Structure formats: C-alpha cells, structure tokens
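Note that the protein sequences, when read in sequence, are chains D and Z. Mapping of the first sequence onto numbering that gives the first Met the number 0: residues 0 to 103, in sequence order. Mapping of the second sequence onto numbering that gives the first Met the number 0: residues 0 to 292, in sequence order.
It is worth saying that the hints were derived from the structure and are not from the lab. Note that the structure is predicted; figures quoted are calculated from it, not measured. Ideal Cβ positions, reconstructed from N, Cα and C, are used throughout, including at glycine. Do not take every clue at face value.
[To be verified] Just some of the chain D residues that point at chain Z, by a computed CB distance under 8 Å:
#1 Met0
#2 Leu23
#3 Ile77
#4 Gly85
#5 Thr90
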Amino acid sequence: MEAILSFIHTNLQMFYIVILSIFLGIEVISRVPAVLHTPLMSGANAIHGVIIIGAIIVMGEADSGNYTALFLGFIAVIVGTLNVVGGFVVTDRMLEMFKSSKKK
Amino acid sequence: MPSSILSVCYLIGSVTFIVGLKMLSHPETARRGNWLAAAGMVISILGTLFLYRHDGEHLHNYGWIAGGLVIGSVVGTMAARQVKMTAMPQMVSLFNGMGGLCAMLIAVIEFNRLLPEDASVTFAQVLESRQLSLYVLAILAGLVIGGVSFAGSVIAFGKLDGKISDRNFAGQQVVNMAVITAIAALSVYLICGDPRQPALIFYTVTFLSLFYGVLFVIPIGGADMPVVISLLNSFTGVATAFGGFLYDNQVMLTGGILVGSAGTILTIMMCKAMNRSIRNVLLGSFSATASGG
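Throw the hints in and build the complete structure from the sequences for me.
The following block contains the structure:
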C-alpha cells in the first residue's frame with residue numbers, strides 16, 4: 000500500500016498529464032461529422048507515430064558492438080518513420096479528395 | 000541548456016498534436032490541422048536527434064539513425080502517394096501496424112538491456128537491486144499492446160486487400176481468453192516470481208501477443224474492419240504512451256494518451272454511424288456469419 004502511495008506521489012505530474020490528456024482526447028473530437036471519421040483516424044494514426052522518438056533514443060544509446068540491438072533498433076526507426084511519414088501523407092491525400100469532391 | 004530547449008520542442012509538439020487533432024475534426028481546417036501536427040512531429044524528432052542527452056551523453060550511431068529515417072521516409076512517401084484511393088483504409092492499417100511493431104521492438108531491446116550478464120545474478124535480483132519492477136511492467140505493456148496492434152493490423156490489411164478471408168472456429172472466445180490469461184500470468188511471473196530463464200518467458204509473451212492479435216481480428220467481418228482499425232489505432236496510442244513512461248518523455252506520453260482516448264471515442268462514434276454496437280463488432284462474429292449466410 001505504502002509503495003503504491005509513494006509511487007503516485009513521486010509521479011504525480013505524470014498522473015496529471017495522463018488523466019488530463021484522456022479527457023482532452025475525448026473532448027477534442029467529440030463533435031466530428033461522419034465524413035471525417037476516416038481522415039481523423041488516419042491523422043491520429045500519424046500522431047502516435049511519435050513512438051519514433053523512442054526508437055531514435057534506443058538506437059542512439061545502443062552499444063556500437065551490440066549488433067542485435069543495432070539491427071532491431073534500425074528496423075524500429077524504419078517502421079516508426081513509415082508510420083509517421085506514411086500516416087501524414089495518406090491523411091493529406093484523403094482530405095484532398097474530400098475537398099475536391101465537395102467543390103463539385 | 001540543450002535539454003531545456005528540448006523540453007520546449009516537446010511542449011510545442013504536444014500542443015500541435017492537440018490543436019491539429021482539433022482542426023482535423025472540422026472540414027474547413029482539417030488539412031491545415033494535419034500539417035500542423037506534422038510540423039510538431041518534425042520539431043520533436045529534430046529536437047531529439049540533436050539535443051537529447053542521457054547522463055550528459057549524446058546519442059550515437061547517427062549513421063544508422065539517419066539511414067533508417069531516410070529509408071522510412073522514402074518508402075513511406077512512395078507507398079502513400081501511389082496507393083489507389085480505394086485502398087486507403089488498408090494502407091492506414093498497415094502504417095498503424097508499423098507503429099505497433101516499433102513499440103514492440105523498443106520493448107525487446109529495452110528488455111535485453113536488463114538481462115544480467117553475470118550468470119550468478121538472477122533476473123529477480125537485478126529488478127530488486129535497481130527497483131525496476133514498474134519499468135519491466137511498462138516494457139511488457141508496450142510489448143503486448145504493440146504486438147497485438149501489429150499482428151491485428153497486418154491481418155486487417157490482408158482482409159481489406161482480399162488476401163485473407165474471415166475464419167471462425169468453435170470455442171474461439173475460450174481460446175482468446177486462455178491466451179490473454181496466459182499472457183497475464185507469465186507477465187506476473189516474470190516480475191514477481193524468480194524465473195530461471197527470463198528471456199524464454201519474455202519471448203513466449205511476445206509470441207502469444209502476436210498470436211492474440213491474429214485471433215482477435217481474424218473472425219471479424221470485412222465490413223467492420225474500419226472500426227477494428229480504429230480500435231487497433233488507439234491500442235498503438237496506448238503502447239506509445241507506455242514508451243513515453245519508459246523514457247520519461249512528455250511528448251510520447253501526451254501524444255500516445257491523446258490518440259488512445261480520442262481513438263477509443265472515435266471507434267465508438269464509427270460504430271454508432273454504422274448502427275452497430277462495439278460489443279456486436281467484437282463478439283458478434285457468430286451472428287455476423289449467421290446473417291451472412
């Protein structure tokens with residue numbers, strides 16, 4: 000019990016960030032028209048690509064002699080970048096189509 | 000000084016993600032919102048590359064990192080530009096799966112760093128001496144959620160692309176529950192027990208997570224795929240947030256949680272728009288096949 004309480008105490012800032020972010024995520028997209036569901040999903044998909052930062056850190060801290068870590072980290076950086084770049088470009092293409100079809 | 004500039008970069012990144020997501024939910028501003036979030040992402044990545052310090056040390060292996068970034072960018076742009084408009088949903092699913100794979104690989108590398116090099120020291124002693132139990136919990140959470148998201152997204156991609164058909168077998172729910180229970184039990188054993196071969200248990204959990212991702216998506220009907228992709232998308236968000244916890248990294252934490260919660264709400268809204276309940280989509284594979292003939 001004491002361990003849990005002290006954990007909450009030392010990481011209080013993180014708990015605030017997590018809880019407020021949850022509510023923020025719900026509020027931010029609460030009234031979205033159905034046509035935007037797919038682009039919004041795609042946009043959110045690109046945003047969680049921020050995991051790439053974790054991949055960069057893990058890669059940058061790996062020993063230059065540890066080939067397993069280097070190889071796995073290299074793959075992680077590639078797929079993370081795919082997630083980010085592909086995600087944003089696909090979202091843009093969807094929205095582009097959405098705009099032009101609306102003009103007609 | 001560099002680390003305080005990096006904090007500001009992460010702050011800018013978090014704010015652009017929030018504002019970008021908000022703008023994405025309005026037709027007039029959606030496109031600008033997308034690029035705003037992308038700009039925040041670039042700032043966060045460049046900041047990490049050049050300003051990140053751990054115990055006063057720079058990152059190294061810049062060649063590998065740059066190579067990965069360039070390959071990922073070129074392939075990602077080409078794939079996203081050349082895909083047909085009708086094939087967009089499966090492309091999103093595939094990119095989402097890449098994010099899940101990334102989270103999974105990070106977990107594997109971080110776990111390997113914890114393994115004792117000296118044979119006389121047990122895994123439990125390593126955890127005890129450095130108080131790493133919660134750290135391992137975060138690694139396992141990232142591994143399992145990322146693994147499920149990766150395998151599930153690849154299956155969803157295959158289904159939408161017409162390469163994989165729906166499959167049901169009797170007792171599927173029971174098998175799913177059994178796999179989940181096994182994952183939970185092995186995770187608890189790894190952290191609280193004193194396993195002789197921690198690596199073996201860790202890789203069993205990895206395999207089971209991938210297996211569960213396949214089991215989770217394979218019975219769901221093709222028409223419900225967008226809802227499932229949205230759900231897997233929020234899974235990857237949560238996996239990202241656990242990564243943020245590992246590295247005490249604010250932009251990963253806020254970005255991940257934001258996508259996790261927004262993605263969950265979006266999943267529910269998509270279900271409503273299709274006149275389906277989320278329970279129906281996830282558990283109703285039996286009724287779906289019955290009505291389908």
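The hints, checked one at a time:
A hinted interface residue such as D:Met0 counts as satisfied when its beta carbon comes closer than 8 Å to some beta carbon of chain Z; here the least separation is about 16 Å, so the hint is violated. Because the closest C-beta pair between D:Leu23 and chain Z is about 6 Å apart, less than 8 Å, the hint holds. Among the interface hints, the one on D:Ile77 holds; its C-beta lies about 5 Å from the nearest C-beta in chain Z, closer than the 8 Å criterion. Taking 8 Å as the C-beta cut-off, the interface hint given for D:Gly85 holds, the closest approach to chain Z being about 4 Å.
At about 5 Å, the closest approach between the beta carbon of D:Thr90 and any beta carbon in chain Z falls short of 8 Å, and the interface hint on this residue holds.
Hint 1 alone, counting from the list given before, is not met by this structure.
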